[in-house]
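Mind docking chain B on chain A? Use the hints.
Residues per chain, in single letters:
There are 2 protein chains.
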Amino acid sequence: MKLFKSISILSLALFLLTSCGSNSGNIVNNMAELKSAIDKAQAGDVIVMSNGIWKDAEIDFKANGIVDKPIVLKAETPGKVFIEGQSFLKIAGHYLEVHDLYFRNGYTPINSVIQFKSDEKNAAYDCKVVNCVIENFTQLDRRKKDHWVEFWGQRNELLYCYIAGKSNDGPTLRAELKGNQHANCHHIIANNYFGPRPRRGGPRGETMQLGDSYTSMVPAFIEVRDNFLDRCNGEVEVISSKTNYNKFINNVFYKCEGSLVLRHGNYATIDSNWFIGDDNSDNIGGVRVINTGHWITNNYFYNLKGNEFRSAIAVMNGIPKSPLNRYNQVTDVVIAHNSWIDCISPLQFSVGSNVNKSDVLPKSEIRSALPIRTSVANNLIYNSKTISEAIVKYYDTPGDIDFQSNYVSGVEGIENLNGFITAEMTVANSQSIVPLVTVVDRNAALFNGFNFSNIKNDIFSNGRSENQAGAICAVKNTKQNLLDVDKYGPVWFEKSKKNTNTKQLSVKSSEELYAAFEKINDGDTILIDADLLKLDKLIKVEESVVLASSNKDQKVRLQFTSTEQVPAFELGAGVNFHLNHLIVEGTKTLNCFEPNQADMSIATNVFVDECTLSGFHSIYKSKKGSFADTLKVVNSELKDLVNGFILDSETEAKGDYNAEFLILDNNKISTIENVLVNFYRGGYDESTIGGNFVFNNNTVEGAGKRGADEILLKTQGIVNVRILNNNFSSIESGFVARLWGEKNNVESGNTIYGKSKIVSDEFLTQKLLY
Amino acid sequence: MKLFKSISILSLALFLLTSCGSNSGNIVNNMAELKSAIDKAQAGDVIVMSNGIWKDAEIDFKANGIVDKPIVLKAETPGKVFIEGQSFLKIAGHYLEVHDLYFRNGYTPINSVIQFKSDEKNAAYDCKVVNCVIENFTQLDRRKKDHWVEFWGQRNELLYCYIAGKSNDGPTLRAELKGNQHANCHHIIANNYFGPRPRRGGPRGETMQLGDSYTSMVPAFIEVRDNFLDRCNGEVEVISSKTNYNKFINNVFYKCEGSLVLRHGNYATIDSNWFIGDDNSDNIGGVRVINTGHWITNNYFYNLKGNEFRSAIAVMNGIPKSPLNRYNQVTDVVIAHNSWIDCISPLQFSVGSNVNKSDVLPKSEIRSALPIRTSVANNLIYNSKTISEAIVKYYDTPGDIDFQSNYVSGVEGIENLNGFITAEMTVANSQSIVPLVTVVDRNAALFNGFNFSNIKNDIFSNGRSENQAGAICAVKNTKQNLLDVDKYGPVWFEKSKKNTNTKQLSVKSSEELYAAFEKINDGDTILIDADLLKLDKLIKVEESVVLASSNKDQKVRLQFTSTEQVPAFELGAGVNFHLNHLIVEGTKTLNCFEPNQADMSIATNVFVDECTLSGFHSIYKSKKGSFADTLKVVNSELKDLVNGFILDSETEAKGDYNAEFLILDNNKISTIENVLVNFYRGGYDESTIGGNFVFNNNTVEGAGKRGADEILLKTQGIVNVRILNNNFSSIESGFVARLWGEKNNVESGNTIYGKSKIVSDEFLTQKLLY
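Chains as they are written, first to last, in full-length UniProt numbering: chain A, 1 to 770; chain B, 1 to 770.
By construction, these hints were calculated from the structure, which means they are not laboratory data. Treat the hints with caution; some may be incorrect.
Since the list gives no way to pick one copy over another, a pair counts as held whenever it fits inside one copy or between any two copies.
As the list claims (entries may be wrong) - Capping the alpha-carbon separation at 35 Å, the derived lysine-lysine pairs in DSBU-like fashion look like this:
(1) 495 / 537
(2) 456 / 247
(3) 456 / 121
(4) 255 / 495
(5) 247 / 537
(6) 178 / 321
(7) 363 / 654
Isolated chain A, as found in the complex (with noise of 0.2 Å):
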């Protein structure tokens, strides 16, 4: 009896051991004291690290756990380890755990935060990163390349972790394969939170990237799902998958300005995903496919307006023999089960055909290879409201495409589409955010192709024994509420941060604005009560602010009397910066908005409305890193200036540029010696599109360099260009504008008095950038 009761007491103890193993284990409380638990960590050992902040944390986790027997490093309290300054975690060795770490407050001094490797010799295998923020970690020169997470080695997985704000070069995510210790990677990204990544203005802002395309032929297996992906807008590739047997399955893509882009590799698994667009938005794609033996299954595209590049699935064009880096052919694809609700245009084939460009390109970059061997089949299509928009379009000639029992409602004139048969359908629950459609028939015939067996359930996981069109299946067993953000990430991390605490200050004299900039906070507002503000320096903006006149029907004159070359207002990072209801006077050598050239971390917006401002060298003037997402001048009057808005900063040719909106609408401008606007991209890169410049409702006169060959509103490289509805008088400049035909280069409604004109070159000759 003894003895049984010394045994029990003995498995008691053990419990007990193991279990504070795993829930409290050796608390650590400086990086000395961490770097010695893990060099001596055995398999089983749990390292804590106390909580508070750790600065300056370069943490080389570098230890053998066994496969039941991990060795775990975690925070004291979930959420209360805060990793800051120039810090980083470098993981190598099998069978290790990382739990609820927050980075934050900082950046990583080497090239990645969270990096699956210690050293070339040594990676990780079976290691696990849980439950970890990584929130505004951003350079502080956003043109510094970095990545958050990077992926070495075989067998990792990030999971329920919460990762945003990356507004620097560089993929979000990347995984690494080059060579066999890093290939048949089989990597696991699942039930994370992708916050929101800011628009980049130019390439290297994917949030995920498997591969390169020198690793195009490697397989790599990478599942990626259940994660949450919200506004990543960085470019227009959301994740990039450029390795093989990549696997992207029930991930909800929420506005996200960009697409899932299958760009190098080959049979990947996109089954069961949400691709949630926005009415105002024809930004936001789903899929674009290049490559062969891609299976997209069961997957819902709801409100996408997106064309070509953006379409809700682009099929691209391939170019014959490609190089290794550029575009195969489109082959052997299956497209089926697939539902698209108001989508304006479900189908685009031969997305990116140029054969119409070999005047100007190399025969190495013309897409003249059709998709083939591909099937469209068992797809629903619906829309709420009838449309007669083509379902399907074509940038080339039909390849080899075979369209079988694809159901559609709510569209006119496909009655000669082959394969494609209108149907009844039902909206199962309209008062979701995203309708569930199905169609009514439940008989309807349904194509059986080569394996299509293996599409066994639809996008609720509901078995297809009665089988039918579209994503659902059956409306039951709706197991997810999509926009239930608390099943991704950290459960202790608020992913929606409210800063509800912003004040209004009441300023009345220069001292007192320069007084009340040194103290605002995020959010805040200061009103000027005054007549005239005389200004003898520069108004740092460091924090997002209103300034405006505090009665905005009596407009209070800042007069800014500096002869130096500086800005009267210098922007700090990541700062909203509005001005409404002024008159903003400066001296020639002035420019009126200049980004900050030590922080560059963060793009920088400026709001103009009702102003009136006067007498600058330039309105707005970038500076080389800096990047503004938008810049709005809105019911202004603009005048008295040698230039207007300056961004040409980006001269390297290598696709950037220095804002993503610049858009002047309903102002009156006069008197520009220059140019009213220089907006410059350098670099032929077709798959980010950036640059958008909007001139609408305005009025010009008096403006513009002399000479046939000037040109007013300069745009070159920019994409997307609407000139709409203005009135110019008195140009001197030989042009208007130059357009840029075979983009999205567009005016009307403009008059003109005079000679000055608007053209539109088709073509732009530029250097590849690849």
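Then chain B, alone, in the frame of chain A:
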């Protein structure tokens, strides 16, 4: 009791039925019965083709068996069912087997002899072809392309077959993978005997081609194991692997003039193969490596004398960002535990580097990408006679190759070669055709690379628990007699048939001579006993024959008198024509030898020894599509000719040419009005290497067309040219020869009296073939 008895009788009856079924089955006697039997076939049926000749048999074996009940189509007696004439076999459906058929005396009227599909919609799955023979079933016109075995579908097998004698255009065996229904095919090609395939004289003479560049991204998983490849000389690629994950295991490459080439696709396994060379051939190669991730382990390279493309291991340079159909960079290749025994140059790297040709080739052809991330470890190099050649040869700067623990014996000067160690070795079986070599020190250190633990066995399937360098871990379980050809192909088929019934005929008049050529059989000899025969019509040589004077010291004169443009001797397909001790005289309109226009199925050869040939328009004149393996004239006198040897009929610049070897040795040549040799190959295709011209020890007097640009020995595009120790005088043409410097064109020891000369042009600008 009675019940039990009944049951056992029933069981017996069932057993007999089943065993009868699988042994005898349903006999069919003609195509109508066969077709009907196929149409009605059920799972488990056996259809038996009756013994005899089936002429023009177009068999479409389309049926469906099930996993344990295949439908079998077989010969009544193995080897007694002959498929002749214009015949083929198509197989489509599931679980079908074909046994014991013998294809001979004919050719296919379609593009394949055995084809694993019936039509575009119907391919074969889980089907087998076993114990069949395809012998000399070659097209009448060797330019006509076909494949003898064409794989489609998935999981099909070619087992224990004998296939030999294909001389026409097109790979002998080809796997097709276009379309998901043919990808991931997992075919097995095992235990077959691939008999001699003659040199083709250009590309498209592979013995196996697994996919093509358009399917180079497709997973194939084809297994090629336990086959014997006997002198498969068709072209420089014996096997051309162009898809992914193929395995080549335990095959014997016996004196094949070419290599196993990893041309496209990645991640091949080349394990435990035997590559056996010959002292007298530098055309016999080993493995040529392109692309990513191949594992080359446990192979035995014996007596290989090749270089560059034909070296034992040729690791190529790639083209940076290569087009799909060209050369990807070599990365992540493992070359471990191989043995090189008496090979002159085991390891060659950056083969194909052509950085120096950027002036004559487009950028997309320049192979400048060095092999990287490649391991060469635990190999064994042994030479029975000590050599001082470099065992590692670079054609460019060394790439990123990791040499580790390679053991060497019989090579001087390796002291400074990193990763190579001199070791004492022992030859276990010096009597064997292939000596079995191991390191004496059983504890010699080995390198433990990433995943090297997956190399579990040696070439004899011995476990590697007591691990050793090289392919042989232990000289036990040397289970195979390598050259026991009975292990390969059908047991009922005799692989090496010798014609022992040759006879000698004696003739005394022209009539007797013509009559003799009517009745000879293959291998006979015709001896002429006369002083002079006048011949007013051509002689058709339809069988291999020796034509000679009965007394070799009293040469007979054959005087051809026709003034029509006919040949003196018209050569049929596959003929070896020997002419000894004769004086042959023509008219200036006659060519001495010409291939038969109608039948160009097989190469034709001419051997002339101790003859005088005079008064002809040409000695030999090719026709478009004709091919001579060897044209050899020795110890003879050639005089009073318009031309000598005209081999210039392949004018389409597709890399084809009209003879593999033209050998002129120790002849006295005089009075040639025009060219002595015009040997032409058009089209740039460096992956096939051919056209050999040997001009040795001859005296030439009074020859060549007058003109500074004229050439006496024209060899445009011919890769191997040797002009040695000749004596030229009174040459009218400006050049005796213009050699192609970068190729294997050499001259030495020649004496030229007068102004004519031999020059060497380094590069040739040629039309690209792809």
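A quick look at each hint next to the structure:
In the homo-oligomer, the alpha carbons of residue 495 and residue 537 never lie at most 35 Å apart, since the shortest distance is 39 Å inside one protomer and 99 Å across protomers. Taking the closest pair of Cα atoms, residue 456 and residue 247 come within 35 Å of each other both inside a single copy (16 Å) and across two copies (32 Å). In this assembly of identical chains, the alpha carbons of residue 456 and residue 121 lie at most 35 Å apart only when taken from different copies (24 Å versus 42 Å within one copy). Taking CA atoms no more than 35 Å apart as the test, residue 255 paired with residue 495 passes inside one copy only; the shortest distance there is 16 Å, against 70 Å between copies.
Taking the closest pair of Cα atoms, residue 247 and residue 537 never come within 35 Å of each other, the shortest separation being 57 Å inside a single copy and 75 Å across copies. Taking the closest pair of Cα atoms, residue 178 and residue 321 come within 35 Å of each other both inside a single copy (24 Å) and across two copies (15 Å). In this assembly of identical chains, the alpha carbons of residue 363 and residue 654 lie at most 35 Å apart whether taken from the same copy (21 Å) or from different copies (23 Å).
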